[in-house]
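> From first to last, the protein sequence lines are chains S and B. Sequential numbering from 3 applies to the first sequence in the numbering used here. Sequential numbering from 4 applies to the second sequence in the numbering used here.
One should not assume that every hint holds.
[What the hints assert, rightly or not] In silico DSS-like links for lysine-lysine, alpha-carbon gap of 25 Å or less:
(1) S/Lys-60 to S/Lys-34
(2) S/Lys-34 to B/Lys-176
(3) S/Lys-49 to B/Lys-548
(4) S/Lys-34 to B/Lys-415
(5) B/Lys-417 to S/Lys-34
(6) B/Lys-176 to B/Lys-112
(7) S/Lys-167 to B/Lys-417
These are computed hints drawn from the structure, not numbers from a lab.
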Amino acid sequence: MTGWITLGVLLLLLVAVIIYTIIIYNGFIALKNTIIQDWSNIDVLLKQRYDELPKLIKVCEGYMQHEQKTLEAVVKARSMVNSARTDEQQLQAQNMLTDTLKSLFMVVERYPDLKADAGFRQLSYRITEIEDQIADRRELYNASVTIYNTRLGQFPDLVIANMFKFQPSTLWMIDPEHRQDVTVSFATG
Amino acid sequence: MSQDSLLIVQQYPQPPERFEGFLRLLFERHQLDMFQSRQRLLGRSLAQLAQGGRTEMEKVSATLAESAYVHWLIDPISPTFSPKRIYGFETSSSQVVFACRQEEVVFSKGGTVLAVLADVSGGLADKLMARMLAGNAYRGRDAVRHEDQQPLLSMILQGQPVLDFYLLDDSKKITAAVRVFPGRFNPEGLGEAATLSSRKNLEALLRLMEEGSVAFQLHTELGLALLPGCQLRRADKNDQDALRHNLNGMTRYGWLMADLWRHGSLPRKSDNREGQAAEPSLLGTLLASPLLAAGELAEDTQVGLHPLMNEIATATAGNDNALSASREAPEQRAPAPMLPAPPPSAPAAWTARRIWTAAAFGGGFLSFMLLLMVDQSDLVDQIAYHSIASGAAPFVLAVLSFYYGFYHLRIKRKIENTPTSRIRSIAMGMVEVKGKALRKYALVTPMSHMPCVYYRLTRYRKDKNDRWQAVSVTTSDNASFFLEDDTGRIEIHPAGGRVRAGTRQEGFPGQIGLTRFDSDQTEKWQEEIIIEGTLLYVLGFAAGKQEEGDTLREEVQTALRDLKHDPQRLQEFDLDGDGEICVDEWDVARAQIEEQVYHQRMMKRSQQRRRQEDHIVIGQQPGRPLIIAETHSETHLTGNYRNTAAGLLLLSTMLLGASIYLLLDYLN
């Protein structure tokens, strides 16, 4: 009788292990898709930013006659985004666009009339809002990747991951230049 | 209970200065729960703050007196007799003789009388309480106005009024009491004042007694004050039990009011704050002879009924002025926004899981009933015996435990595998958000009337074996709410979700607020509540909301219609200046209006993008979980799921072992 009971319990445990394996496997698949989705969701916002730029440049052109270089840099960065073929090129172009936009908003400080323009204010607010959202979604992407990578290294998920050859995913990294300390000079001219 | 002293407080309509500090003091010194103390001290009437040994209550009383809170410390006298019902009365210059069934009760003019007038149907108390709570729920406590200024007396008289007279001796002890039912007594004793209207006769009798007494008080707060044993049940005309209950409550109330009159309030009225005097209780002031005046003022002045009504009008008007003055104070508080009424509550959502569970239980129950109907009790016994002896029943339970164990495990992993999104950047699809719950609608719990974002109300009834059985479940599934984090706000639609509320309350029908005095009931309710402002975890599916409002075409049509009715603007499009708009000019106008409307719409949309709650809602999608949980951390939540899953899986293993053992034993 004990043998039968043991056998029954072992069978139950086996079924439990199989079901648990399925849950873990499905979890990995869901996580991988979440990572892809999170990345695509960043692209959605990047596209929104890309679409807003011509309107911003148009507004700025009327006021910033002496800042053609800055405006041209933004236009150039935008066209680079459009012509990027690989993920790396795309990432580089987006980073460049972010940098040129920052420069543009810094230069705007010299043009009070432009700052007072309702259209400009709305557009700049909208772009800043998108920038914030992009930052949030990058964090979300990194959070998804971290969960996935952590699962890959944890037991018992580790066994299933090795069995089905799940590979670690890469975190979104910022441009190394942005890690450098900002140098502030108080020297007068 | 009769050995205990009662501490009764005059409630404040609004929190006075340093109120929170005072609540903390009550807790630190006397271990009085801060939440309950707040509930008892704020309101528009009287409330029992505490009950206990005399020494302990004296200490609490001293704390209240320190902060000049008007209160009474009494050793209540249990009612030793009920008021006798009168059938008629005779009046003379020196006395009023009430004719009861077997005896007469004599009131010598110049004596002291305490009258209690109440609507014993409980309807008025319900109505006033609901009105006050609705005002609180819709506009916040600060916005509760003294809208009940209409003469309450006539409101009671229009209900199902009953009038009690308590005749008191010089030391305010009750010597006799009579009860008057309108239309059930001979009004001849009123003389010329007698009319065909039973309610007017009641009013006339009230006036007669008042005029004949040297000290008179009228109390009409029954059902509104939070006093022990003085709650009213909603009673239909044929509901004799409820009516009897209410009349008993009225007797207790009368005796308690006599106690309060005898003891007088602490601190004395003259010690009281001026500010407080200008801010009398809504019901205490409104409902005739205010209890603040109970001890001291009434002794000094004989309050007449007509003067009394004038006093009420003056007091409430003064109060209104005081309130309006305080509202126009320098800080000029903006009026609290009025929340819309919530959609009607719904019976608990019938999800697929619940349908299957109900079907399984229903099927089992029907089979059982069928077997009983054919009177084959032997067969029933045999089925029960064999299903257990063969291990079939434990096996079914093992399978169910196994299923639910893994279900909880799957939910746990889903929570762990979903990163938390910020609300401002939320994307469509499965999302996890955390934040503070805020009401979208003026939702209050149906029984305890607490402002909340979600409630689940379960009603229980005692069965033959004296066990509580759930008879109905109602939820606020249809009422969405908002979740707010540092970055924005989003709408949550809880229908079909698994909601884990952190607050539970139980009570009995007829109970007011959280105060419970009577536990001898056959029905009870339990509320699970998510109170506004609590931190919530939400895992659900974010989707776009259906756009409301006019289409672009409708907006253009409206704008063109407006243009047609505005000759001045229309003149701008009269390009040839002939005073008429020709077809070409109208086309130009139309094109311009279209462009204008389109730009306005785009502008509006780009502004709307900033408000996530306007265009995204998190809810349930078929096949995907929606979890709304009041929890301080995600780990705590997943820990609950893990423990439940582990328990169920362990149980299923044990049940399986037992079922195999039973099966083998059965086969042998």
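> Given the hint that S/Lys-34 pairs with B/Lys-415, does the C-alpha gap stay at or below 25 Å?
holds, 18 Å
> Is the straight-line distance between the alpha-carbon of S/Lys-167 and that of B/Lys-417 25 Å or less?
Cα-Cα ~22 Å, so holds.
> Hey, S/Lys-49 versus B/Lys-548, does the alpha-carbon distance stay inside 25 Å?
Judged against 25 Å, a Cα distance of about 22 Å means the pair holds.
> What's the verdict on B/Lys-417 and S/Lys-34, does the C-alpha distance respect the 25 Å limit or exceed it?
Holds: B/Lys-417 and S/Lys-34 sit about 13 Å apart, inside 25 Å.
> Mind checking the alpha carbons of S/Lys-60 and S/Lys-34 for me, to see if they're no more than 25 Å apart?
violated, 41 Å
> Is S/Lys-34 within 25 Å of B/Lys-176, Cα to Cα?
Violated, at about 82 Å.
> Can the restraint linking B/Lys-176 and B/Lys-112 be considered satisfied, given a maximum Cα separation of 25 Å?
holds, 17 Å
Comparing the model with each numbered hint stated earlier shows that hints 1 and 2 do not hold.
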